[in-house]
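**Student:** Starting from the given sequences, assemble the full structure and let the hints guide the process.
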Amino acid sequence: MYGCRGATRGHSLRGWKRDKNCDKYKYLELKITNDGKLDEGIKDRIMQYRRAISMLNGVLWDQGISKANKKNIYNTVVKSIITYGSEVWQLKSRTEMLLATEMDYWRRSAGKSKREQITNDRVREITGAKHIIVDDIRTKQLIWFGHVQRMPDHIIPKQILLWTPRGRNKRGGPRRSDEEGCG
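In my numbering, the protein residues as written are 61 to 243.
Since the hints were made in silico from the structure, they are not lab data. Small disclaimer: the values here were computed from a predicted structure and weren't measured. Some clues are possibly wrong.
Straight-line C-alpha distance at most 27 Å; calculated DSSO-like pairs for lysine-lysine [stated by the list, open to error]:
1) K218 / K91
2) K127 / K84
3) K131 / K172
4) K103 / K200
5) K190 / K131
6) K174 / K190
7) K139 / K174
8) K131 / K84
9) K190 / K127
10) K84 / K103
11) K84 / K172
**Tutor:** Okay, here's the thing in C-alpha coordinates:
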(Lines of atoms letter the chains of each structure in order from A; the text may use other names.)
(Lines give C-alpha, C1' and ligand atoms only; values in the text may rest on other atoms or scores of the structure.)
Protein backbone atom coordinates (compact mmCIF):
# COMPACT_ATOMS: atom_id res chain seq x y z
CA MET A 61 0.00 0.00 0.00
CA TYR A 62 2.81 2.42 0.77
CA GLY A 63 6.54 2.45 0.41
CA CYS A 64 9.49 4.70 0.86
CA ARG A 65 11.96 5.78 -1.80
CA GLY A 66 15.43 6.90 -0.80
CA ALA A 67 15.55 5.27 2.65
CA THR A 68 18.29 2.96 3.84
CA ARG A 69 15.92 0.16 4.80
CA GLY A 70 12.38 -1.12 4.02
CA HIS A 71 9.16 0.69 4.87
CA SER A 72 9.80 3.90 6.78
CA LEU A 73 6.30 5.31 7.05
CA ARG A 74 4.85 4.18 10.36
CA GLY A 75 1.40 5.51 11.06
CA TRP A 76 1.57 9.18 10.13
CA LYS A 77 5.13 9.79 11.38
CA ARG A 78 7.82 10.88 8.96
CA ASP A 79 11.16 9.09 8.85
CA LYS A 80 14.18 11.35 8.37
CA ASN A 81 15.80 8.83 5.99
CA CYS A 82 12.91 8.90 3.53
CA ASP A 83 12.49 11.67 0.98
CA LYS A 84 9.64 10.25 -1.16
CA TYR A 85 6.64 8.09 -0.39
CA LYS A 86 4.46 6.20 -2.80
CA TYR A 87 0.91 5.67 -1.57
CA LEU A 88 -1.77 4.24 -3.90
CA GLU A 89 0.30 5.08 -7.01
CA LEU A 90 0.73 8.67 -5.81
CA LYS A 91 4.23 9.98 -5.11
CA ILE A 92 4.49 12.33 -2.14
CA THR A 93 7.68 14.16 -1.17
CA ASN A 94 8.74 15.03 2.39
CA ASP A 95 7.46 18.58 1.99
CA GLY A 96 4.00 17.21 1.12
CA LYS A 97 4.05 18.15 -2.56
CA LEU A 98 2.52 15.95 -5.24
CA ASP A 99 4.27 17.55 -8.24
CA GLU A 100 6.37 14.47 -8.97
CA GLY A 101 3.27 12.27 -8.96
CA ILE A 102 1.45 14.63 -11.31
CA LYS A 103 4.45 14.66 -13.66
CA ASP A 104 4.42 10.84 -13.65
CA ARG A 105 0.72 10.81 -14.57
CA ILE A 106 1.37 13.24 -17.43
CA MET A 107 4.24 11.05 -18.69
CA GLN A 108 1.99 7.96 -18.61
CA TYR A 109 -0.65 9.95 -20.51
CA ARG A 110 1.89 10.98 -23.15
CA ARG A 111 3.11 7.37 -23.48
CA ALA A 112 -0.46 6.24 -24.09
CA ILE A 113 -0.93 8.95 -26.74
CA SER A 114 2.28 7.90 -28.51
CA MET A 115 1.12 4.27 -28.54
CA LEU A 116 -2.19 5.38 -30.04
CA ASN A 117 -0.50 7.68 -32.58
CA GLY A 118 -1.38 5.53 -35.61
CA VAL A 119 -5.01 5.30 -34.54
CA LEU A 120 -5.29 9.01 -33.82
CA TRP A 121 -3.87 10.17 -37.16
CA ASP A 122 -6.02 7.68 -39.11
CA GLN A 123 -8.83 9.67 -40.73
CA GLY A 124 -10.74 6.44 -41.39
CA ILE A 125 -11.61 6.16 -37.71
CA SER A 126 -14.63 8.23 -36.72
CA LYS A 127 -14.60 11.13 -34.25
CA ALA A 128 -17.00 9.19 -32.03
CA ASN A 129 -14.58 6.28 -31.75
CA LYS A 130 -11.69 8.63 -30.96
CA LYS A 131 -13.81 10.27 -28.25
CA ASN A 132 -14.61 6.84 -26.81
CA ILE A 133 -10.90 5.97 -26.77
CA TYR A 134 -10.21 9.26 -24.99
CA ASN A 135 -12.94 8.77 -22.39
CA THR A 136 -12.18 5.12 -21.63
CA VAL A 137 -8.40 4.84 -21.93
CA VAL A 138 -6.59 8.15 -22.02
CA LYS A 139 -8.68 10.26 -19.63
CA SER A 140 -8.69 7.54 -16.98
CA ILE A 141 -4.88 7.47 -17.03
CA ILE A 142 -4.53 11.17 -16.25
CA THR A 143 -7.40 11.46 -13.76
CA TYR A 144 -6.51 8.47 -11.56
CA GLY A 145 -5.75 9.86 -8.12
CA SER A 146 -6.43 13.44 -9.22
CA GLU A 147 -8.90 14.02 -6.38
CA VAL A 148 -6.07 15.23 -4.13
CA TRP A 149 -4.04 17.27 -6.63
CA GLN A 150 -3.44 20.99 -6.28
CA LEU A 151 -4.18 22.24 -9.76
CA LYS A 152 -2.87 25.80 -9.66
CA SER A 153 0.65 25.18 -10.93
CA ARG A 154 -0.09 22.26 -13.25
CA THR A 155 -3.21 23.48 -15.05
CA GLU A 156 -1.42 24.66 -18.19
CA MET A 157 0.65 21.48 -18.42
CA LEU A 158 -2.50 19.35 -18.19
CA LEU A 159 -4.26 21.44 -20.84
CA ALA A 160 -1.27 21.21 -23.21
CA THR A 161 -1.12 17.46 -22.76
CA GLU A 162 -4.83 17.10 -23.44
CA MET A 163 -4.58 19.26 -26.56
CA ASP A 164 -1.83 16.96 -27.84
CA TYR A 165 -4.41 14.16 -27.96
CA TRP A 166 -7.09 16.28 -29.65
CA ARG A 167 -4.65 17.72 -32.24
CA ARG A 168 -3.54 14.25 -33.24
CA SER A 169 -7.11 13.00 -33.46
CA ALA A 170 -8.03 16.01 -35.64
CA GLY A 171 -5.04 15.32 -37.89
CA LYS A 172 -3.59 18.79 -37.25
CA SER A 173 -0.01 19.48 -36.22
CA LYS A 174 1.21 22.44 -34.20
CA ARG A 175 2.97 23.77 -37.30
CA GLU A 176 -0.41 24.47 -38.88
CA GLN A 177 -1.00 27.08 -36.14
CA ILE A 178 -4.63 26.21 -35.56
CA THR A 179 -6.04 27.53 -32.27
CA ASN A 180 -7.04 25.17 -29.48
CA ASP A 181 -10.65 26.34 -29.73
CA ARG A 182 -10.71 25.43 -33.43
CA VAL A 183 -9.22 21.98 -32.70
CA ARG A 184 -11.91 21.43 -30.04
CA GLU A 185 -14.54 22.50 -32.55
CA ILE A 186 -13.20 20.06 -35.18
CA THR A 187 -13.08 17.13 -32.76
CA GLY A 188 -16.27 18.00 -30.89
CA ALA A 189 -14.49 18.02 -27.51
CA LYS A 190 -16.69 19.97 -25.11
CA HIS A 191 -15.07 19.41 -21.71
CA ILE A 192 -11.53 20.18 -20.67
CA ILE A 193 -9.58 17.81 -18.44
CA VAL A 194 -9.19 20.39 -15.65
CA ASP A 195 -12.98 20.66 -15.30
CA ASP A 196 -13.23 16.86 -15.08
CA ILE A 197 -10.55 16.83 -12.36
CA ARG A 198 -12.32 19.59 -10.42
CA THR A 199 -15.56 17.63 -10.62
CA LYS A 200 -13.81 14.54 -9.25
CA GLN A 201 -12.33 16.67 -6.46
CA LEU A 202 -15.75 17.99 -5.47
CA ILE A 203 -17.18 14.45 -5.46
CA TRP A 204 -14.30 13.32 -3.21
CA PHE A 205 -14.82 16.38 -0.97
CA GLY A 206 -18.49 15.47 -0.51
CA HIS A 207 -17.56 11.85 0.19
CA VAL A 208 -15.09 12.89 2.90
CA GLN A 209 -17.57 15.38 4.39
CA ARG A 210 -20.05 12.52 4.94
CA MET A 211 -17.43 10.40 6.77
CA PRO A 212 -17.47 10.14 10.58
CA ASP A 213 -15.11 12.53 12.38
CA HIS A 214 -12.74 9.79 13.59
CA ILE A 215 -11.78 8.65 10.05
CA ILE A 216 -8.31 9.89 9.03
CA PRO A 217 -9.25 11.53 5.67
CA LYS A 218 -11.89 13.60 7.50
CA GLN A 219 -9.37 14.61 10.19
CA ILE A 220 -6.89 15.68 7.51
CA LEU A 221 -9.57 17.69 5.70
CA LEU A 222 -10.58 19.52 8.89
CA TRP A 223 -6.97 20.15 9.98
CA THR A 224 -5.84 23.76 9.86
CA PRO A 225 -2.10 24.43 9.58
CA ARG A 226 -0.51 26.30 12.46
CA GLY A 227 2.32 28.77 12.38
CA ARG A 228 3.01 32.14 10.93
CA ASN A 229 1.48 33.18 7.68
CA LYS A 230 3.78 33.46 4.70
CA ARG A 231 3.86 36.51 2.51
CA GLY A 232 0.96 36.68 0.11
CA GLY A 233 -1.98 35.70 2.26
CA PRO A 234 -3.28 33.50 5.02
CA ARG A 235 -2.76 29.75 5.18
CA ARG A 236 -5.59 27.75 3.68
CA SER A 237 -6.98 24.45 4.81
CA ASP A 238 -8.07 21.78 2.31
CA GLU A 239 -11.68 22.68 3.00
CA GLU A 240 -11.12 26.28 1.86
CA GLY A 241 -9.33 25.08 -1.28
CA CYS A 242 -12.41 23.28 -2.67
CA GLY A 243 -14.85 25.29 -4.68
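**Student:** Hint compliance check: list the failing hint numbers for this structure, sorted ascending.
**Tutor:** 2, 8, 11
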